[in-house]
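Chemist: Could you slot chain B onto chain A? The hints should help.
What follows is each chain in one-letter form.
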Amino acid sequence: GAGVSQSPSNKVTEKGKDVELRCDPISGHTALYWYRQSLGQGLEFLIYFQGNSAPDKSGLPSDRFSAERTGGSVSTLTIQRTQQEDSAVYLCASSWTGNQPQHFGDGTRLSIL
Amino acid sequence: GNSVTQMEGPVTLSEEAFLTINCTYTATGYPSLFWYVQYPGEGLQLLLKATKADDKGSNKGFEATYRKETTSFHLEKGSVQVSDSAVYFCALSDQGTGNQFYFGTGTSLTVIP
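Residue numbers (this note's numbering), protein chains in the order written: chain A, 317 to 429; chain B, 5 to 117.
Bound conformation, chain A alone (with noise of 0.2 Å):
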């Protein structure tokens, strides 16, 4: 598509549930990396896959947070058991390769009640 593509693009939902968040990035981008963003607060970056791989997984905040990416294009990430601490807008990113300027979605903004 034109742009990175990220749905939902709100999300409630109940302390406790899961929830999976898509991104869906510009066609030949083989970089794609997510964020969370709070409110007040700056990007925190949470993972980067370069193509189906993740080499660095350090941002996850914790084990109820999971990614995977197929295909070298669509990427979802999951949160499991969600806590009210997870309320943010979760946004994704993709470029060409690592290192290279990130092309940003609109962002998921996931609230937990």
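FYI, nobody ran anything at the bench for these hints, they're computed from the structure. Incorrect hints may appear among the rest.
[As the list claims (entries may be wrong)] Selected chain A positions facing chain B (Cβ under 10 Å, derived; list incomplete):
1. Gly319
2. Tyr364
3. Asp372
4. Gly375
5. Pro377
6. Leu407
7. His419
8. Phe420
9. Asp422
[Claimed, not checked] The list that follows gives simulated cross-link-like pairs (lysine-lysine, DSS-like), each with its CA atoms no further than 30 Å apart:
10. A/Lys373 x A/Lys331
11. B/Lys72 x B/Lys60
12. B/Lys64 x B/Lys53
13. A/Lys373 x B/Lys64
14. B/Lys53 x B/Lys72
15. B/Lys53 x A/Lys373
Every residue, glycine too, gets a C-beta built ideally from N, C-alpha and C.
Modeler: Leaving out everything else, chain B in the frame of chain A:
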């Protein structure tokens, strides 16, 4: 390790005022440096970049020079407009650390007529 430190906001300026947003970095290798901008209600987008020392990135009247001796990449604009009101993020990417991007906490700019 790698990190980015940005001047804290919020910053409020009158139209046509001179803007400087300070950014300093720490890097283990030879990073590329970026400024991203997030306009209200929109996703992050690349504003400008510089890939090596003494490079100057420029776009939309904004400039930033990669200063290795002071490890800085300050953003400047000679005459701001109301439409420049946004949050500005400084970032670095270092191939030596697996192409992870490191973002500053963002600086909110409001330009008043």
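Chemist: Compare the structure with the hints numbered earlier in the document and write down the numbers of the violated ones, lowest to highest.
Modeler: 5, 13
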